[in-house]
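Student: In order, the protein sequence lines correspond to chains Z, B and E.
Under numbering that gives the first Met the number 0, the first sequence has 74 at position 75, and the numbering climbs by one with no breaks.
Under numbering that gives the first Met the number 0, the second sequence has 237 at position 238, and the numbering climbs by one with no breaks.
Under numbering that gives the first Met the number 0, the third sequence has 91 at position 92, and the numbering climbs by one with no breaks.
Everything labelled a hint here was simulated from the structure, so no lab data went into it.
Predicted, not measured: the structure shown is a model, and the values here were computed from it.
Check before you lean on any hint, since a few could be wrong.
As the list claims (entries may be wrong) - A partial selection of chain B residues facing chain E, derived with a Cβ cut-off under 10 Å:
| hint | residue |
| --- | --- |
| 1 | Tyr42 |
| 2 | Asn43 |
| 3 | Glu44 |
| 4 | Gly67 |
| 5 | Pro69 |
| 6 | Ser207 |
| 7 | Ala211 |
| 8 | Arg228 |
| 9 | Leu275 |
| 10 | Thr277 |
| 11 | Lys281 |
| 12 | Cys285 |
| 13 | Ala287 |
| 14 | Asp293 |
Stated by the list, open to error - Straight line, CA to CA, 20 Å or less: simulated SDA-like cross-link-like pairs of lysine to any residue:
| hint | chain 1 | residue 1 | chain 2 | residue 2 |
| --- | --- | --- | --- | --- |
| 15 | E | Lys30 | B | Ile130 |
| 16 | E | Lys30 | B | Leu221 |
| 17 | B | Lys114 | B | Asn125 |
Unchecked claim - Far from chain E, by Cβ distances over 10 Å, these chain B residues were calculated:
| hint | residue |
| --- | --- |
| 18 | Met0 |
| 19 | Arg179 |
| 20 | His224 |
| 21 | Glu289 |
Idealized CB from N, CA, C, for every residue including glycine.
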Amino acid sequence: MGEVSIANEIVLNLVMQAMRWKVVSEESSRKVKVEFFGPFRTFSKGMEIELERQLNFDEFVSLLVNILGEEFRERAEKENTTFILNRKIVDRDNESEVVISPGDSVAFALLIGGG
Amino acid sequence: MKGYAGKYLRVDLTEGKITSERLEEEVARKFLGGYGLVAWTLYNEVQEDADPLSPENVVCLWSGPVAGTPVPVSSKYAMGARSPLTGFIGFGIASGGVGSELKAAGWDGIVITGKASEPSYIYVQNGKAEIRNANHLWGKTTWETEDLIREELCDDEIRVSSIGPSGEKMNRLANITNDRNRQIGRCGIGAVMGSKNLKAIAIRGTGSVEVADLDSLLEFCLELHQRCRGPATEKYRILGTPANVLVHNRIGCLPTMNFQKGTFDQAEAVSGETMLKTMVKKIVACPACEIACDHINVVKEGPWKGTVASMDYESLEMLGPNCGVSDLNAITKAVELCDTLGVDTISAGATVSWAMEAYEKGFLTKEDTDGLDLRFGNGEALVEAVRRMCLREGNLGELLADGAARAAEKVGNGTEKFAIVNKKMEWGAYSMRSLQTATLGFATSVRGACYLRSGSYQVDVKGTVDRYHLDRSRGKIVSDGENLYAIIDSLIICKFTRGIYKSNDEMARVIRLVTGFDVDAEEMIKIGERIHNQAKLFNVRFGASRKDDYPPPRAFEEKMYDDVSDGAVIDRDEYEEALSGYYEARRWNEEGIPTKALLEELGLDTTLGV
Amino acid sequence: MEQKRIIVCDTDKCTGCEVCEYICSIFKERKINWSKARIRHVRIEPTFDIALACRKCEEPLCEKACPRDAITIEADGSIKIDEDKCNGCGWCIEACNFGALKLDWEKKCAIVCDFCAELDQPKCVQYCPFEALEFTTLDQVGHEAGKKAFLRIIEELTP
Chain Z
0 MGEVSIANEI VLNLVMQAMR WKVVSEESSR KVKVEFFGPF RTFSKGMEIE
50 LERQLNFDEF VSLLVNILGE EFRERAEKEN TTFILNRKIV DRDNESEVVI
100 SPGDSVAFAL LIGGG
Chain B
0 MKGYAGKYLR VDLTEGKITS ERLEEEVARK FLGGYGLVAW TLYNEVQEDA
50 DPLSPENVVC LWSGPVAGTP VPVSSKYAMG ARSPLTGFIG FGIASGGVGS
100 ELKAAGWDGI VITGKASEPS YIYVQNGKAE IRNANHLWGK TTWETEDLIR
150 EELCDDEIRV SSIGPSGEKM NRLANITNDR NRQIGRCGIG AVMGSKNLKA
200 IAIRGTGSVE VADLDSLLEF CLELHQRCRG PATEKYRILG TPANVLVHNR
250 IGCLPTMNFQ KGTFDQAEAV SGETMLKTMV KKIVACPACE IACDHINVVK
300 EGPWKGTVAS MDYESLEMLG PNCGVSDLNA ITKAVELCDT LGVDTISAGA
350 TVSWAMEAYE KGFLTKEDTD GLDLRFGNGE ALVEAVRRMC LREGNLGELL
400 ADGAARAAEK VGNGTEKFAI VNKKMEWGAY SMRSLQTATL GFATSVRGAC
450 YLRSGSYQVD VKGTVDRYHL DRSRGKIVSD GENLYAIIDS LIICKFTRGI
500 YKSNDEMARV IRLVTGFDVD AEEMIKIGER IHNQAKLFNV RFGASRKDDY
550 PPPRAFEEKM YDDVSDGAVI DRDEYEEALS GYYEARRWNE EGIPTKALLE
600 ELGLDTTLGV
Chain E
0 MEQKRIIVCD TDKCTGCEVC EYICSIFKER KINWSKARIR HVRIEPTFDI
50 ALACRKCEEP LCEKACPRDA ITIEADGSIK IDEDKCNGCG WCIEACNFGA
100 LKLDWEKKCA IVCDFCAELD QPKCVQYCPF EALEFTTLDQ VGHEAGKKAF
150 LRIIEELTP
């Protein structure tokens, strides 16, 4: 009886752990990783934010404005701002088509180049 | 002529003679200045049998019509010769005060032939010039040379372009330094000066610069000054170009460990952000510059305490992440060695990184490296390797002094495959496989691996195109970029100001106000096309063709393996298609040779056309 | 006593761009010739830059030095050079502790900053791209330094 109950306990622990992992990974897949470079670092070096659903660029910036303040909007919308979505650099001419989804990784930077 | 001095110096170092020549208006109208006049001079004066390090090579220095005017960031000059590194047209453009000083002295350029019998330097003044003895300067660093010449001639305002010991030793990576932090960096032009026993060019001018329409030019310039303080130049001003480090890292484009990867796990440690916080002492500007991009680093502690060097993105990246090095102090020291002893930082970085890969893979032993543990990330070894490379010291120094391609040729065993070069010149800090339009520009560049001829990386980093693939349309992007950049490099204005011009017509307006030449935007671009074809013709004379316009094997044969650009590689068929598209856009044949019809249209010599 | 205004350069902001020299020569001489600028940029490597012009000394040494009495002091403290009397001997240039005077070899006389007396304001100050130049009084310079020091303390004390 002792062996079976120990085995049951082990199995129970494993199942509990697995459930916790499932919860954690579900939580992290709702997060969006946001990084800031260059002048954007005056706002923050980086953060993770919760996303319930997909957002477009304007909605996403508004979400960040709630956290970082209204000055962030002006900075983000400047024409020399670069927005990176996962491994794609977003063409600012097509930014209305951009969709940020839970689990994405994004970054704000100044347009770069030269050396 | 307005804008121009209307005359240039011809220096025959063999005979020890200097004469004054007229710059014909027709030539000025066709080639503008700077890069344009360098290409014109070299095409006309460097013959097929002229070995780059022989007296038969010609080295020339040209400013442009805007030098010495208040046009933003106009104090620039170009120097060129047949490159001892590539064998093709070699030239560079540097800022600092030399371009404007030459104009004030009443000269547009200096064309130098032959070889002096002993170390010499040229001293240019208002309306005259002389060759002076430089025995006391031979062996000195570029900074020491500037100080010594100013002392000797009793004038702190003399501008000096000089070579260091590397140029004297005819190191094929040798550069030319002026105003401490400015270089004619690439193509080994410093070695050409060294081969002529020419240590330095010193210039002092106090004359007035004449322009066609001073009032309108002033008004326009003051407007342009304002724009230089705006968003178009913001990225250069605060962090400077080192701001690229973290962004390139984020998008998997930061060449790491000899271009194997596009991300560096210690990117933060060598980022522009960190550099500004911990090392930047001051940001300085060149004459007539309203931007100020020159970040001067000072090392505060450690074995290289007290080192001072100007850090830009390329130098930082090629000697840093590309060598796996995350110690900003070591990188700053390496840059200082390059600037003072006289070797191009980009080529130095890519050559050392080649050696590091060769060492780690066992192709170089500790005996080959004179005992240096030349692994990726070893900052001390980096500094020592650079120093020895500059001075041709020991086995390692001698091996690396002439660049990665020649070093790989000597060592063999397949190490040629990871010498990251085009036309034997080392690649710059833009990842080959994750910025493919940039790569097309690098590989087709007339002077070898370089993006400065076309700026084609811009469409990759703006997200306008798919940077992980190529197609035929990219050719026109490179070609259009080349025509405009040829103008920028001939006027000469700083590329960092390109964003302040709302249109090409505004740039053409600068030409009209300074020179009085009635040029509109379309005609201006045509001049750019002509200049680019002139440079290309020089290369054709020395056997350049399609075979020389490819990135190195790593681009095609190895996939990237980092967090972002995992799996990226250049598809050979896509590349061939893009290259053909480039030649088509340029109106050259499939081998990349200009046609006779095109050369006729541009008013160029048709001998080498097809 | 009226406060004398001079051109003061913030060495932290000065980048050595020499735009002040271009602007001065164009506005004062209608020529592009920075050798004729009345403001002088000095750089001490590697990172020290300053632009200097006449300081309207309380006891001007240039006036004392001039052997031909070509130099007089205006009501606002600025230096006036009589171009007819001046023969370009340069004794005033040696006397000045700040290198504020120069020789104009075409006019064959000394030149010095007159603070753009005939214009609305000193042009170098107006057009310095880095706002490193100010047309101000020494009292004001002192006052600003005090304010800056105090602000720094406030910043450090406030969490």
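Student: Hints first: check each against the structure and report whether it holds.
Tutor: Right, here's what the structure says about each hint:
no., hint, verdict
1, Tyr42, "violated (32 Å)"
2, Asn43, "violated (31 Å)"
3, Glu44, "violated (31 Å)"
4, Gly67, "holds (6 Å)"
5, Pro69, "holds (5 Å)"
6, Ser207, "holds (4 Å)"
7, Ala211, "violated (12 Å)"
8, Arg228, "holds (6 Å)"
9, Leu275, "violated (14 Å)"
10, Thr277, "violated (16 Å)"
11, Lys281, "holds (4 Å)"
12, Cys285, "holds (7 Å)"
13, Ala287, "holds (6 Å)"
14, Asp293, "holds (8 Å)"
15, Lys30/E x Ile130/B, "violated (31 Å)"
16, Lys30/E x Leu221/B, "holds (16 Å)"
17, Lys114/B x Asn125/B, "violated (25 Å)"
18, Met0, "holds (15 Å)"
19, Arg179, "violated (6 Å)"
20, His224, "violated (6 Å)"
21, Glu289, "violated (4 Å)"
Hint compliance for this structure: hints 1, 2, 3, 7, 9, 10, 15, 17, 19, 20 and 21 are broken, all remaining hints hold.
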